[in-house]
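Undergrad: The residues making up each chain are set out below.
There are 2 protein chains.
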Amino acid sequence: MKLKISRRHLKNRMSDLPHIVIIGGGFGGVAAARAFKRENVRVTLIDKNNYHLFQPLLYQVATGGLNASDIAQPIRRIFRKQDNVQVIMGNVVEVQAEEKNVLLEDGTHLDFDFLVIAAGMKNAYFGNDLWEKNAPGLKSIRDSLEIRRKVYAAYEEAERRAQNGETVDSWLTFCVVGGGATGVELAGALREIGLETLKRDFRSISSHKIRVILIEGGDRLVAGFHPSLSEKVAKRLRKIGVEVFLNTRVSDIDNEGLTTSDQRIDARTVVWAAGVAAADLAATASAPTDRRGRLVVNSDLSVIGHSEVFAVGDIAQMMTAAGDEVPGMAQGAIQSAKHAAKNILATLADGPRTDFVYKDKGSMAAIGRNAAVVETSSVKMFGFFAWLFWWLLHIYFIVGYRNRAFTFISWIWNYLTFGRGARLITEVPSGHKIPTTEDYLTQVVSNSRSK
Amino acid sequence: MKLKISRRHLKNRMSDLPHIVIIGGGFGGVAAARAFKRENVRVTLIDKNNYHLFQPLLYQVATGGLNASDIAQPIRRIFRKQDNVQVIMGNVVEVQAEEKNVLLEDGTHLDFDFLVIAAGMKNAYFGNDLWEKNAPGLKSIRDSLEIRRKVYAAYEEAERRAQNGETVDSWLTFCVVGGGATGVELAGALREIGLETLKRDFRSISSHKIRVILIEGGDRLVAGFHPSLSEKVAKRLRKIGVEVFLNTRVSDIDNEGLTTSDQRIDARTVVWAAGVAAADLAATASAPTDRRGRLVVNSDLSVIGHSEVFAVGDIAQMMTAAGDEVPGMAQGAIQSAKHAAKNILATLADGPRTDFVYKDKGSMAAIGRNAAVVETSSVKMFGFFAWLFWWLLHIYFIVGYRNRAFTFISWIWNYLTFGRGARLITEVPSGHKIPTTEDYLTQVVSNSRSK
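As given, the protein sequences belong to chains A and B, one line each in that order.
Mapping the first sequence onto our numbering, position 310 (from 1) lands on 477, and the numbers just tick up by one.
Mapping the second sequence onto our numbering, position 345 (from 1) lands on 512, and the numbers just tick up by one.
With the rest of the complex left out, here is chain A:
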């Protein structure tokens, strides 16, 4: 059913074509929309932001190594040549599966013939939502800029207070909660900031005072990897001066530090990398969800009870052939999105749907300069060559030539100079409230905000 038709022709016929709505412009949403290229359908992709984000490098924005725009690409730029995709910046607040439409925050509805939910995850604080304002997570550009602000403002505050003779230990203590890939990468980068980047920039504080603490509840770091690699990661982190606390649960986080089962740690900067849960939207879909709020899917990736509604990526609870959960990573999102698109096209052609089979292509994480851990079904790597491999693969997968080029150049620059070019404090603390899309789009500033 592949047809090549002129743009004008396509436009005139558009409204007759099957309409596929995709919620989310992350790895899943973009892969799904791309899978409909040159197919005879009409696609609408809705995202809360105007950009697609390369999340695996978000920790580098949070630590000032990259600009936000180096890892973000305007979604409509990605689809400028794919005429059957319409991109909308908007926030879907409800999936009305029965009525086959979605409700947007601005009150409008959008009808669909097929829906692909790829709205991703949010930070989850195990029921302690109040922790969020003191310990931002790392899911969005806004999160990363807030962490960047906290980190560099803590150094500025320490310098100012040290001059007045105050004790500044708590300002120079940086805690990362959660020892998965994100936590490990963040802790490594935070340690480098203290060791290398800021070494000569401050007059009143000493780099010996700087502490970076990584707190993990389980008995090893990067639990998704082989135990021998977890060992190496912990060893490497300790070697560069990160304090690694295993089997340590956080019982409270306040604005001056945190409390674990063993001790109190005074730390003005706490970053949350311990948990995520499905975006709120999953709960509105009138379909079963699991304990982390993710939509349970059939083997064809449709949600239970609605065969035209698909869930892909980490908002879906997907299973591997071995019966394990598919990890919430880019490759899972991309593979499932492509598969859902295939099943939609099969249905349109009155053919049979097929079962989703996840292919594990491996995982990796960088630990500061010069070290990374890489594991696939056939290879376990640790060290410098793993780091080079990490480096090349991330460059390769960034969307857009410009981002690829600029990330490449930034990394070489940062590597050679130990610098972090994007260490600006530009964000104002946003507080607990997460801005909605309508907030971003608002041209009129409400009174409550302007005072």
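What the hints contain is simulated information worked out from the structure, not anything from laboratory work.
It is possible that part of the hints are untrue.
Treat identical chains as interchangeable: a pair holds within one or across any two.
[Unchecked claim] The calculated EDC-like cross-link candidates involving lysine to aspartate or glutamate, where the alpha carbons are at most 20 Å apart (straight line), are:
id: 1; residue 1: Lys366; residue 2: Asp250
id: 2; residue 1: Lys289; residue 2: Asp457
id: 3; residue 1: Lys376; residue 2: Glu333
id: 4; residue 1: Lys204; residue 2: Asp368
id: 5; residue 1: Lys248; residue 2: Glu363
id: 6; residue 1: Lys248; residue 2: Asp368
id: 7; residue 1: Lys289; residue 2: Glu605
id: 8; residue 1: Lys289; residue 2: Glu272
id: 9; residue 1: Lys248; residue 2: Glu206
id: 10; residue 1: Lys526; residue 2: Asp491
The hints should help you fit chain B onto chain A, whose structure is shown.
TA: Frame of chain A, contents of chain B only:
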């Protein structure tokens, strides 16, 4: 009195040395602090932000062509090798010239032997402060990100509304108030966004509908230049499709547009480039100011009545030999800052102070792609070669090798691809409230913000 002494030695002796406090890390403040390099003094440079900003290119951040970090350099990075400079991120709220100290927002005082006020300008709305929330100016990174958000959000909103069949003309109308260099550069860049950057990215809006309007109260654009050049600038802007309204005064700005003496213009995006006034700090110095709030200075650049307090850059009302005002540009700030430093050193050496003589090195402004206007005492240039000259000079004057390299590469990239890599909508409307330094440094989010 030049001595080369070891860093440790210097530290021990520090408190005995004359203490020079510099307020502001812009062109003036940085030039002043640099002028004390290897001199036997102790310098404290205070700025509200942690970065020095290359303001002439701020309009490119506002239009998504450059990243904020490309034109900003951490101040302490600039002085990492100049041991006698201490950098503090803080906000001076009062100059207590009699007591020879300054009061910071956090309540601490800082004593000085000599003070250099280089706090710059703020946006001024001719008494109509309420206009600010609908028409942001262009003085800070925050301003530029707010303008960027407004511009790109207007396109997103237009696309969304056009799909629902609404009229979207006001969303596609962009007004710049003020036809000086900043206004001209902004209008040119805004027009390019409509013409080139977004041409293929939207499905429902047509680029023919996009209007960019430049409104100037006087009878010609870029009044600082020769009238023949003003002509050429206006002609060029009109050629690329900017509507230029001369002799047009704005009588009101609201959230849906603006009203001039002749007509009502519906425009969701209005940018203010019409006026600046001295930073509020000037008024606290117990010294005479002019009608724009600037500190009146003696010929040695000290403020009236306080020979140890100097004002430099555009917070000072400085005169040329011909009796004209020194224009508020980088070169005036740099020259006056160096001169104030020289007079401070002369005073310390019990020598005589000298009078400041401003050397006009010319002015320039870019008009979109391929055209600029350049005027010095001996040369008047317009067109492509002026634009190349503009380009080279801006690259050359950006502080920091990294920023120079990245701006260079970004520009070549943008020029060849018609792209604007940094077109992200990441800011939330801030409203009228301008955040203070303490806001940025705050680790604890107050309750009023978090709701």
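Undergrad: Go through the numbered hints given earlier and state which of them the structure violates, listing their numbers in rising order.
TA: none
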